[in-house]
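> Line order of the protein sequences matches chains A and B. For the first sequence, this note's numbering begins at 1 and goes up steadily by one. For the second sequence, this note's numbering begins at 1001 and goes up steadily by one.
The hints are simulated quantities; they were obtained by calculation from the structure and are not laboratory data. Certain hints may be false.
DSSO-like, lysine-lysine: derived pairs with alpha carbons at most 27 Å apart [as the list claims (entries may be wrong)]: (1) 58/A - 1021/B; (2) 94/A - 1021/B; (3) 1007/B - 1051/B.
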Amino acid sequence: MENSLPAPWQKALDQIKTWARINSPWAIHYNSGSCNGCDIEILATITPRYDLERFGIKLQGSPRHADVLICTGPVTRQSRDRLRRIYDQMPDPKFVVAVGSCGISGGAFHGCYNIVGSISEVIPVDVYVPGCPPRPEAIIFGVAQLLESLKK
Amino acid sequence: MEKSEPKKFVVPIGPQHPALKEPGHFEFEVDGEIVTGATARFGYVHRGIEKGAETRSWIQAMYLLERVCGICSHVHATAFALGAEKLAKVTVPPRAQAIRVLVGELERLHSHMLWLGVAVHEAGFDTLFMYSWRDREIVMDLLEGLTGNRVNYSANVLGGVKIDVDDKQRDDILKGLEVLEQRAQYYLKVVTTDETFLGRTRGIGTMTYEQAELLGAVGPTGRASGVKRDVRVEAPYAAYPDFPVNLITDTRGDLEARFVVRIKELFEAIRIIREILDKMPTGEIQTKMPRRVPEGETISRVEAPRGELLYYIRSAGGDKPDRVKVRTPSLCNWGSVLTTAVGHKLADMPMILSGIDPCFSCNDRAAIIRRPDQPAQAWDWESLRLHGIEYYKR
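Pulled out of the complex, with its shape left as it was, chain A reads as follows (with noise of 0.2 Å):
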């Protein structure tokens, strides 16, 4: 887009969009090859004992309308595609969360055949959670920490 504003008409505009992102970010999940273990954790955030919903945070069915993709486990050969599909569906600005030990190294996978590694290999990463699974209050942390580098 053409930036034609004078710079402190586009300096507030880049605040007010920053506040929107941060205070409601549509987050997307998708399993590229995971054990489920951390995707049950992830459903864990989003009820009522942790609820992720009380920072604006809304789990969102469709890469278009998704600001943060949170990914969870090794990437096998089958998903790679389409893991870069969904990434590429997302609209700009986008940030990716990497959930567990598997996206960030392999993990346990770490050397079985259809594994093409982990999920930076494919796509770029923002925040990395490690754990297998990360407990759901150490999801809820990352994302915590995706929205404080935001501010700056």
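Go by the hints and put chain B onto chain A.
Below, chain B alone, put in the same frame as chain A:
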């Protein structure tokens, strides 16, 4: 005017879709709102675990096999441990076997409540989803207090278990079970009396006894159609000979029956846990397991929350397994989904899909079938991928 041939209209769903949390691709042929044909395509979560287990030692392989599925990780480890112990001719102390069953039944509680939440969520009944997941946290706390982790608890080791149950943990479990029993009674009341919810479940996805036998349905899916099959009853393993299980079946075979069977299994699991805690055998919790397992092959069967789980283990006498074959219950139940889907509305598909408690990471195994009349084929990755694309293009 020439009448045009009615074309098949195909609704593709997946692999990334809002209904299920795991990737799987479905194609429903529809005539208006009614589904006339269904196909499924899996393999997105195929990681090569069976081959990976061959490159790891017996102890490391157990760590890997626990991660076949994060929801029922304990039964996978139990099946593998039982098989390896049978090969090594190691007798596991009774207290260890009882703790295995205890953790297994706690896992069944957590898995069934998880399923209940997800399945009612597909029906749009989010209140019950939130209720059941809130109450599931009680089981998660118990599992965490017992083993140190919420999921993938690693309670098993070869030759026994890693954890012991002390009096405090025992009291915590009994306290938690009391709450859970009341809540389960409430769920049973809701799924059998709530008028709007019954509209989504009663008479939907009905599978007759004959169909269930023909399609090889296992676990609660089969038991809801009257198939009297449960490994814990037919071939009791671990401590089940001492703590017998009552078989829970239903004859209606529809989604409502599956809800009722699974919730009644919650009561049964609670009863077994209480009985185990009451009559916990004393003694050691581990025996020594040799690093090298003698040559031989074995099959071990256990009852996972979703049905019968089968492990084939072969040892060549080394410190690594020679072959591990896993057959999971979800794989057996897919046939029933694709058959019962036909004739229902497209809107009922998420309910029918989740009615079998599908688990993709469980069922994505690869098998190469070599026929005697065909020459052995060697595929490289690129040609296999192209073959796959061509095959599914039709």
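> Now look at each hint and say whether the structure bears it out.
Evaluated hints:
no.	hint	result
1	58/A - 1021/B	holds (15 Å)
2	94/A - 1021/B	holds (21 Å)
3	1007/B - 1051/B	violated (43 Å)
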